[in-house]
Structure formats: C-alpha cells, structure tokens
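Dock chain B against the given chain A, drawing on the hints supplied.
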Amino acid sequence: MPEAIRAIDCDVHPMVLSMSALAPYLDEFWRDQVVERGITQLDGQSWPVNAPKTIRADWRNAAGRGADTVEALRAQALEPFGADLAILNPLYGVQMVLNADMAVAFTRALNDWTRAEWLDRDPRLRASIVLPLQDIGAAVDEIERLAPDRRFVQALVLAMGDAPLGKRQFWPVYEACVRHGLPLGVHAGSAYRHPQTSVGWTSWYLEEYVANQQAFQSQLASLITEGALGKFPEMKVVLLESGVTWLPAFLWRLGKTWKGVRFEVPWVDRPPAELVRDQVRLTVQPFDAPEDDPGAVERILDHLRSEDMLLWASDWPHWQFDGDAAVPPGFPASLLSKLLRDNALATYSRLRGEEGSP
Amino acid sequence: MNVIQSPSQLVHPGKPAAATLGLVDVDIHPRAHGMADYKPWLSERWWSYAQEYGARARHGFTGGQPPFPKAQPLACRRDAWPPGGGTPASDLNFLRGHHLDAHGIDIGVLNPLQPSGQGDRNNGFSAAMAHAVNEWQLETWLRPEPRLRGSVVVPYEDAAASAAEIRKRAGDPNFCQVLMMSRTAEPAGNPRYWPIYEAAAEAGLPVAFHAFGYSGWAMTNTGWPSFYIEEVSEHATSCQNQVTSLVVEGVFERLPALKVVLIECGFAWLPSVAWRLDRHWRHLKAEVPHLRRAPSEVIREHIWVSTQPMEEPEVGRHLKDVMGWIGWDRILFATDYPHWDFDDPRAALPATLPEETRRDIYGGNARRVYGL
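These protein sequences, in sequence, are chains A and B. Start counting the first sequence at 385; every next residue gets the next number (the numbering used here). Start counting the second sequence at 243; every next residue gets the next number (the numbering used here).
There may be inaccurate statements among the hints.
[Claimed, not checked] Pairs of lysine-lysine residues, derived as DSS-like cross-links and limited to a Cα-Cα distance of at most 25 Å, are as follows:
1. K527/B <-> K437/A
2. K643/A <-> K551/A
3. K257/B <-> K562/B
4. K562/B <-> K501/B
5. K410/B <-> K501/B
6. K615/A <-> K643/A
7. K281/B <-> K410/B
8. K562/B <-> K640/A
9. K312/B <-> K551/A
10. K615/A <-> K640/A
11. K551/A <-> K615/A
12. K437/A <-> K551/A
13. K643/A <-> K312/B
14. K281/B <-> K640/A
15. K643/A <-> K501/B
Hint data in this document are derived by calculation from the structure and do not stem from the laboratory.
With the rest of the complex left out, here is chain A (with noise of 0.2 Å):
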C-alpha cells in the first residue's frame, strides 16, 4: 500500500457473535421471542462461520472467531493498509429470516448494533444501512430512520435475494436512496430464496461461493433492462465482492442483445455499457484475475474502459489475499490513487466534505 495515499476501506465485515448480542437492540417482544423460541444465531451458509474463505487464519481469536471488535479491525485491517475510513458491511443473516416482522425487528437491531458497537467507536468507521427486503416500506423506513446519521453512507442488499433487483417493486428504495444520497450496496451472499444456481443447488462451497459471480450478471442485467439505473441516473450501485472480471464479458453480450431486442425494453436508450460506466462501481477484493500474469490484468482493466469504476477494499475479515497485499497485484501505480481514494469519494456522497468527514 503507497503511504502517501489515505486509503479507503470500502468492504470490512464486522461479525455478530450470536443473537445475544443483538438482544440490547431488540424490543422487549423480540427480547423475548429470541429466548423463548432458542434462535441462538442466524449465521448463513454463505459464511460459514469456521470455513477457511469467511475468516483469515492470522485473523481469528484463540476461540477461533474474528472480526468481532473495533480493535481486531484497527490492527488487522486498518493500520496495517493505512486506511483512514473504513465502511462497515455487516452479513448478519437477517435477509434469511422469512417472517417479516421478525426480519425487520432483526434488522434494526443490526443496524443499531453496527451503530453503537462500531460507529461510536472509531471516528474512521462508516456503515451501511443493512435493508430488510422482506417489507419494501420496512426498508424504506429503515432508511429514513437511519440517514440523518451521515455515518451510514450507503443501503446494502445481497446479491441473492428474492426477486431481480430492477424490478418495480423496489424502486421505492431507491427513490430513497437518491433522496439521502446513498449508493446501493449488492454485496455477495444468498438470502436462499433460490437455489445459488439457475440449474439448482450446488454440492460444495467453492461452486456456492463461485456463483456470486453469476448473481451479480443477473442483477446488472435486471437493474438496467428494467429501467432502474435510467429512472435513478443520480443512483451509483456497488458491487462489493463480486470478483469484478465477469463485468467486461457481460456486457458485450447484454450490449449485443440489446441491439436486437431493445424493443423490447424501449426505456433502455443508452448501450448498457454506457450506463454501467456512469453508475456502476466495483470493489477489488476479489479481483478474480490470474495471479501470474501481470500483462492480463493490464488487459482486463483495459477491457473495463473506465479508471473510475473500481473502489478498493481489503475485504476483511474474509480471505482474499495473504500478509498485507490488500491490492491486487498488477494494477498500474497510475491508477492507485483513483483506486484507492479518489474513486470512493466520487462514488459516496456522504465521505465528502461534510462533517466528520476527511
């Protein structure tokens, strides 16, 4: 990492223990029902808690957990990389619970707990609003309760929900989202609503863990043949942890298609391409490139078109990367300061020039 840049951290993971945790932030019903009915956590299979990919080995406690105070991030992540903010993308499995009512009073509580248990303690930390999709109002509310907190910079879906992002039904979230001046986050993970294929359930994690790349095509796809991206031009999209390579190759066959069926979808007046350029950001952790060959990275950042679409990330606590190589190898120093400040303040309103910020 250059020193002389104030590097931005745009994906850290900060991770629940169990639902006692949440229980101070929850409401005496809620407080109750958790006991009462013995849900002791809600750890996903997108995650598993003990698989080498969630948490780095040098990262993890004598208990074998990580990623679970504001002091691990700050020695692990942000000193070692000389970040001088770090946004919080918390993966608690609240997008899984299929009662409503009990997701959003998940939800909030996870908010809330990001809010006391990080914000308040390390003036370098931002968040994101973790949006429960269950109850599109719910998630609109969210929003509305949480932005004046200029802390929480972003809203944060996973990239496997229930339905394709574009879809009407959530437009009401990004009207918010524009109003507050908050990107979208679509951050890797299942909430298992689906299987993590169109061709079924996989057998291992690796084929699972692969199949993020899949779902952030399809989600690209949705947001612009259904019109999101052109009704909510002031809206960015962040795909965070996404591998990033899959983008160039997605879009010269949307961009294809599109010149042959755009009938179709007459509200896409602009190639694709185009619209992902201008609204579209990625975070390069994974950046899912051969580890050998520097001449193909310099290649596919050329295939990108654009040197301000990608934030960087360390991903922590998740392994991507060993020691402190927490930017992928290959990419130009021409680029690092684009990549690892200039692009995040373009991208996130609200790490520009208003209190508390840099």
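This is chain B only, laid out in the frame that chain A set:
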C-alpha cells in the same frame, strides 16, 4: 440482427476463403413439423400420451409456448420459412439451398430442440421421445444428406435411460456428439448425471451443452427475471454454472477422455470463470481434495466453445484477447441456422484474425474434436 438475404446471395455459394479445412457449422436446428413427425417411432402408449398431455417442460405453459416470448415467431429468421409451407428447417431441400449450398457448409451438426422431450417432467416420455427424435434424425436428415451429422438426443434427467440411448448409437458415424440442454434440474456435474458422461466417453462422443431448457428453478439465482433480453443474458450464467459444476464435482478427473462442447452459450465469460475457480480453489482446496489440478487447466483441456452468438466488445481487439485466453484450438464455428441471430460465415469472424486461425475455427478445430 435479423438476417434476410437477397436472392443474388443465394446464387453464389458463400464459403469464406479462409475455410481451407472445410466449413463446419456445429449448430443447425432441424425442426419437426409437429409431434406427428415422430409418430413412426413412438409406441401407441406414448403417442396417445403425447396427444392428451403433450410435452410438459419444467414451467407452466403448454404447446411449446415459452415463458419468455421470443423476439419473433419460433425465434427464426423471417426468410427461413420454406415457401412450400412448414416451419423453418423442417424441409431438407430448402435447408440445402438456403443454408448448406448458399454458405458452402461442408459439415453441419444438427442440434434438435423442442419438441424433443428433453427436460420433460415425465422421464418415460422423455426417453421415448429421445429415441424417436434420434430415429427421425437418421431417417429424415442424416441418411439422405451426407453433409449432416446428428446429435444423440438424451432424456438427461434420467441418466440410466440416457446412457442406454448413447450405447445404442455408439459407433454409428451419423452421430458426432451427445446433446444436453444447458438448464438441467440439478447442476450438470452432480453425480446423478455421471452415467451419461461415462457412456459418452466410452462411445468416444463429446457431450454438447446447447443453451436452453428449463431447470424448474428460477432463471437467475436471485429469482425470475422479466424479459426475453434477460433470458438471453442468463444463458451465459447457466452455462457458467455448468462449467463450474462439471469441474468442481471432479467429472473430468474421473473421465479424462470426456470432451464438453458449449454451443450457443457465448464464450467471453469462460476465462473469468476459470480465473475465479483457480483463485478460490487455492483457498478452498481442502474441501475438494478430488480436484488434483487447477480448474483452469482442466477447462483448457476438456472444454470447447462455439462462436454464435459471439460477444461484441466496444473495442474489437478485446475479443481477440479473450479468444486467446480460451485457446484458438478450442473455438468452433456455428451459425445457429435458422434462428434470428444467425451468423453468416463470411462476416462472423473478425478479419483481423490470422488466416490460419480462421481456418481452424471454420473447420479444423471441429474436425479434431469430433474426429470428422
């Protein structure tokens, strides 16, 4: 993208000059006029079942109506409807003149689509149909026209019946591959499908996955999309899932002779899938000890792709980067006749590709993978 040729083009055979090893089209879709074409090879019981219930794909519509209506009737070129009546590519003589002769096709590989019974909810019906479609290919297309090769249509949701159908066709030079659709009810590497791959490897036939079919699951892993344009995009994602599954389940470790051909799936996405698999396999190796080699090596060795529809970058040379990453010897030429997004062999490949590369894509690579 809809192609309508002028009569003058039809008079002059349009084989590209670079096709010096022959022009092999690995994706032609012959079409039955209707179920009655298959009647000679269906038992009375299944013929009567077909009349009363018909094909029942893993979606709700009947009568061949797809959940996402096509961009035009039967997704076919407007000029591919035979003047004498019938549906596009239902008439051998018209197909000869309109496609094989007009484009100088030396070998054309038939991939029969619906109504073929593939992916039907009823395994017995699917198996009966596969047998009938294969006999129909032989009788109607392959024996009368030496330029054509058939695909062994298999009822892939019933692996044992599929293996039996493959063994029945093994050694018949009229067939050059086994045909599956890209949307299976479970990921294609799942052990339930292994008997198909074992029989194909034993028969020396590549297994082709042609984009299409209905898995019974939502067409994305985040639910049902709305539009045909999305469905077209999702063919790529379903094929990405299939490549991932075949590799991660260890199908190629188990069957080193197996070759897989992806037809009409696009191909520009393949390098990124391989890189992603390599990168995360490195961290998750302990979960999949049966994978002894890097996924990208396995893909490079066992998987072929076909051209139509080729992704279309804004900057032409980017496509060459991707083709190079996949491997110039792994790319096969396809037209997708008679569908609306047909690729004309004369215009399909970038002229900036070296002549010997175009030669191999037009014919040499297909000759090698199919042993033609």
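Hint check:
no.	hint	verdict
1	K527/B <-> K437/A	11 Å, holds
2	K643/A <-> K551/A	22 Å, holds
3	K257/B <-> K562/B	22 Å, holds
4	K562/B <-> K501/B	24 Å, holds
5	K410/B <-> K501/B	20 Å, holds
6	K615/A <-> K643/A	20 Å, holds
7	K281/B <-> K410/B	20 Å, holds
8	K562/B <-> K640/A	17 Å, holds
9	K312/B <-> K551/A	20 Å, holds
10	K615/A <-> K640/A	22 Å, holds
11	K551/A <-> K615/A	12 Å, holds
12	K437/A <-> K551/A	32 Å, violated
13	K643/A <-> K312/B	15 Å, holds
14	K281/B <-> K640/A	40 Å, violated
15	K643/A <-> K501/B	33 Å, violated
Violated hints, in rising order: 12, 14 and 15; the structure is consistent with all others.
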